[in-house]
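Asks: Residue numbers (numbering that gives the first Met the number 0), protein chains in the order written: chain X, 0 to 298; chain E, 0 to 298; chain R, 0 to 231; chain V, 0 to 231.
Hints are supplied without guarantee of correctness; some may be wrong.
Stated by the list, open to error - Chain R regions said to be covered by chain E (calculated; three or more residues, Cβ under 8 Å):
(1) 35-49
(2) 203-210
As the list claims (entries may be wrong) - Here are some of the chain V residues that sit facing chain X, going by a computed Cβ distance under 7 Å:
(3) Pro39
(4) Ser91
(5) Ile199
(6) Leu203
Hints are computed from structural coordinates only; laboratory data are not their basis. Glycine included, every Cβ here is placed at the ideal spot set by N, Cα and C.
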Amino acid sequence: MNRLSVDFLGINFKNPIVAASGTFSFGKEFAEFYDINMLGGISFKGLTLNKKEGNEGIRVWECESGMMNSIGLENPGVEEFVEKYTDYTQNIDTVKIVNMGGNNLQEYIKGAELLNKVDFDILELNISCPNVKSGGMLFGVCEESAYEVTKAVKNITRHKLMVKLTPNVTDIASIAKACEEAGADALSLVNTFQAMAIDVLHKKPIFDNIYAGLSGACIKPIALRMVHQTAKAVKIPVMGMGGIYTGTDVLEFLMAGASCVQVGTANFINPLALKNIIKELEAYCEKENINIKDIINII
Amino acid sequence: MNRLSVDFLGINFKNPIVAASGTFSFGKEFAEFYDINMLGGISFKGLTLNKKEGNEGIRVWECESGMMNSIGLENPGVEEFVEKYTDYTQNIDTVKIVNMGGNNLQEYIKGAELLNKVDFDILELNISCPNVKSGGMLFGVCEESAYEVTKAVKNITRHKLMVKLTPNVTDIASIAKACEEAGADALSLVNTFQAMAIDVLHKKPIFDNIYAGLSGACIKPIALRMVHQTAKAVKIPVMGMGGIYTGTDVLEFLMAGASCVQVGTANFINPLALKNIIKELEAYCEKENINIKDIINII
Amino acid sequence: MAVIIQNTQIAKNIYKMRVCCGDDAKAGQFYMLRAWANNPTFSRPISICDRDGDEIIFVYEVKGKGTKIFSSLKSGDNIELLGPRGNGHELSAKKCVLIGGGVGIAPLVYLAKQLKSHGAEITAYLGYTNEAFLTEDISKYADKVIENIGGYITDYIDELDADSVYICGPEIMMKKAYELYKYTNAKVYASMERRMACGIGGCLGCNIKTKNGNKKVCSDGPVFKAEDVFYE
Amino acid sequence: MAVIIQNTQIAKNIYKMRVCCGDDAKAGQFYMLRAWANNPTFSRPISICDRDGDEIIFVYEVKGKGTKIFSSLKSGDNIELLGPRGNGHELSAKKCVLIGGGVGIAPLVYLAKQLKSHGAEITAYLGYTNEAFLTEDISKYADKVIENIGGYITDYIDELDADSVYICGPEIMMKKAYELYKYTNAKVYASMERRMACGIGGCLGCNIKTKNGNKKVCSDGPVFKAEDVFYE
Ligand SMILES: Cc1cc2nc3c(=O)[nH]c(=O)nc-3n(C[C@H](O)[C@H](O)[C@H](O)COP(=O)(O)OP(=O)(O)OC[C@H]3O[C@@H](n4cnc5c(N)ncnc54)[C@H](O)[C@@H]3O)c2cc1C
Ligand SMILES: Cc1cc2nc3c(=O)[nH]c(=O)nc-3n(C[C@H](O)[C@H](O)[C@H](O)COP(=O)(O)OP(=O)(O)OC[C@H]3O[C@@H](n4cnc5c(N)ncnc54)[C@H](O)[C@@H]3O)c2cc1C
Ligand SMILES: Cc1cc2nc3c(=O)[nH]c(=O)nc-3n(C[C@H](O)[C@H](O)[C@H](O)COP(=O)(O)O)c2cc1C
Ligand SMILES: Cc1cc2nc3c(=O)[nH]c(=O)nc-3n(C[C@H](O)[C@H](O)[C@H](O)COP(=O)(O)O)c2cc1C
Ligand code: FES
Ligand code: FES
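Isolated chain X, as found in the complex (with noise of 0.2 Å):
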């Protein structure tokens, strides 16, 4: 029997643990060091309608239990993807989310709708996206632009939907409620803190962009907050995520709520980090003799 298996949206996981957007490419790197095939699932790294070279200068910058990333969406669009799709996915056999973003409705729409022409389990909309169209605001930030685009794609997509919401905002769960009532048939959170890093001796920002994301286990009390709000105001299921490194994390956003976490930042630590945490959590689940399914949103 398999104690871990959880199920999502109606979808069979093997195991709560899914591979965040773009810490983990489209799993072929992972591959190399063990069966990807025994996660839960992966969502690939995140895709724009067009492709992108994604942004200049530093990219990754560490900082106390964390780390900052401006990749700038670094992906091939959505068309290549739909083209090469079975070269992206072959030999994966676990659940396949895949991540798209926007930088405006129209975007959002086109890709949904390219989408649509291969099989996938999961459509994971990042909305945590600057909306060029109203000065670069964040969609993710405002319940109004979270709802429409939400709505947008929901309309065309003939996959599940779910929203990936921002945690820079006031009142996550007010955002969570908004995509719910749009048509959300889940959310996933959070996505990076938006943060700064600064090269003293050079006086200047790290990044070009001047700001970056946070992620990595500094995170992780302020996401574990956010999805337990979350997972209180919505209906629909909650993947969680936020500085998960350990299978004691895992547990704490389960209870917290958190139907399925996803991973990203501790791959970067250990390539085998996911595998090291389904581990962790076989041996917990034996020893309270419990199904993981048993923990979630106890809190």
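Take the given structure of chain X and dock chains E, R and V with the ligands to it, following the hints.
Replies: Positioned in the frame of chain X, the structure of chains E, R and V with the ligands alone reads:
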């Protein structure tokens, strides 16, 4: 010559290092370890109009590169503070900052009025308090209530008014501007981030209040970004804080636009932290042959 | 910064560390120990188990991150000591009962030694979960030592005629032990534990509710009159 | 997990570490090294300086947190090695010029050894800031070694008739060296550096712009044709 002296609201600070409210009590405990009058200033333990017993249960919890606290503003109340003011502040010969919060507008106003009876340098208004009248929403999370409380206190106080912002907001710059418009003489930020920890063993939240305030190195990259945004948004001076442990951290905040900084959690890691930071900054200015104020807001 | 002279396991998960440190310290006081830079954030409070010339002896149980790191230290390594902190014990020269549970037995060694030198008559009740430790050390000073492994030490307490009772161990055990003496004439002291951030009275993190209002375990305690803390 | 055999200082801020590790690795490849749990977050990329039986030799400069920790390790300590990673060098059997600056000289040792065993004729230009190191090691394999301390090594390059040129050092020096050979028939290779998070191609953090689009230093490199990276 003192290379570290800075001007803040026309007050001369010996150096830009201020002990953060709630982490330094009223100074006495630290005076046992070094001459606390070497500090730029001290922000005293946060007061409320009425004496508060503080929270039950676990009050401090450690996390990766930081801590969470749920002290619950335990304090003697403004009245007692005013009565015993000389006891509290005798032997303190550095900039005195009185930090005050409240549970509704009336408490803020009455507290500020009472504080008019005593002399100190700056009144620091903690607006990260739940406004009981509007369902417990923090004063500091929306422009209107931040404006309102700032304005009300500004009208009554005879002290220089520094408003302390909460980081749990979508757009710190707009809150900052609201406070500036309402008459704040200066801003300080950030207060703690709302966060959570779970006792997986006992399957319950660590804190009786479920959520608690996160501080320490883990929040530094986000705090720095917010200080940068705020300094760019307003004309009044900014006192920056959040995860400062070292002299280099101070340089980052000053370059980002803070004219002074507060240091909190670091005092718990080492009671001599502030003294060490000042020494580090002295050595830096000596080596670079500059005055510390030359690097303020250069990024 | 102090130098570790010795750091060895003395029972399951229990270690004894000798540190070179010339401080004058009282029984019942503790130090904040640190053997890392910024992570873990907090230093760890450990009681004085005993003193030996210029050395302070700590006995600690490996519980989590911090004590795990302590257990990996070798003689010659450095450790930061902040202290001694806390009020420490009032010493009585008369009939004393010492009650310890688990690693709470550690601070009773130096207490017994001090009481003995004040001419007290000492009975010690020591309760262990798995394995005894420090029994010999306490036997050097106590007139009578009752030890139990696996049960409740409070079940074995038969000496109720005491002037002073000193209890250190899990809170539930301390409360139970106090109940036994509540209506006697003994002065009963309990060594309280709370999670500590600063250890010096600056953060209010180690708050304990007492009959006389909020107190700080790190600076008002850790030793309290049992009636003041177990009043509810 | 690998065991450190030796870790000693060989010049100012420069250390040599011998690690027991049976991997097969090519010149120009690197390992991600880690001697801590989660903090610092990233492992540190260090090139293979040389191989000796079952041992891999790293030579590294102490720059910040990570290399500071490396320098404190003692023989017998463990270190985590992730690798070998990266493409490594193509070996030529003909006239080779090696140009190294600072700690960029380290990977040239194993390269020289390999080239020699392929029968190449080697000229090496080694530029140091303060103090020479590894010169003897390279002299074992190179036919001619020109070293300079304090100046610009590119000012000393007089052998422009080469089939292959391998450059490793500060980016500005590599670019300058490349310019010297730009219009010759030599194939010129540069070992590029970028901050790395994963080191295995998973994060796109180590991006480098090339004539042929974005590449990853960790997996498409670190060795690139100089014309592809210094094309602007
Ligand atoms: C005044 C005083 C004196 C003391 N004297 C001694 C002494 O002499 N000897 C001694 O051995 N101890 C003593 N202690 C206790 C000692 O300070 C603690 O055991 C020590 O701080 C534990 O640190 P740690 O890093 O090993 O464990 P931590 O990692 O801090 O964990 C400690 C405990 O908290 C629990 N815990 C930690 N994280 C979680 C989580 N996420 N969820 C649920 N539970 C969690 C663990 O179960 C564990 O039991 C004293 C304490 C005080 C206050
Ligand atoms: C493929 C590859 C191979 C390499 N091979 C070798 C090798 O063989 N030997 C070797 O010595 N090195 C090698 N390096 C370089 C080596 O990886 C780095 O020197 C090392 O990672 C530095 O780590 P650190 O923790 O010591 O320094 P870090 O703390 O990461 O700092 C590194 C540099 O960044 C700067 N820095 C850090 N923080 C800041 C800040 N806040 N503001 C401004 N500047 C900052 C510092 O000035 C310092 O020079 C290689 C790199 C790559 C990519
Ligand atoms: C290098 C890097 C790249 C990322 N790229 C994406 C992305 O393309 N799309 C996305 O939705 N999130 C992206 N993220 C965010 C992660 O998926 C995740 O939300 C975040 O890192 C928090 O989880 P963690 O703390 O476990 O890393 C990226 C994160 C990192 C560190
Ligand atoms: C134990 C503790 C108590 C605090 N009490 C107060 C307070 O009474 N009033 C206040 O405005 N901020 C309070 N703070 C917030 C700090 O002043 C500071 O804003 C925050 O800790 C971030 O700085 P740091 O990372 O340097 O600690 C408290 C923080 C801690 C850790
Ligand atoms: S631990 Fe900070 S007041 Fe006691
Ligand atoms: S370091 Fe992650 S892709 Fe190269």
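Asks: Are the hints correct? Go through all of them and say.
Replies: Outcome of the hint check:
1. For the stretch 35-49 of chain R, the stated coverage by chain E is satisfied: 6 residues place a CB nearer than 8 Å to a CB of that chain, which reaches the threshold of 3.
2. Interface restraint, the stretch 203-210 of chain R with chain E: holds (5 residues with C-beta to C-beta distance below 8 Å; minimum three).
3. Taken as an interface hint, Pro39 of chain V checks out: its beta carbon lies about 6 Å from the nearest beta carbon of chain X, inside 7 Å.
4. Interface hint at Ser91 of chain V: violated, since its Cβ lies 29 Å from the closest Cβ of chain X, which is beyond the 7 Å cut-off.
5. About 5 Å separates the beta-carbon of Ile199 of chain V from the nearest beta-carbon of chain X, less than 7 Å, and the hint is met.
6. With a cut of 7 Å, the hint placing Leu203 of chain V at the interface with chain X holds, because the nearest CB-to-CB distance is about 5 Å.
Hint compliance for this structure: hint 4 is the single one not met.
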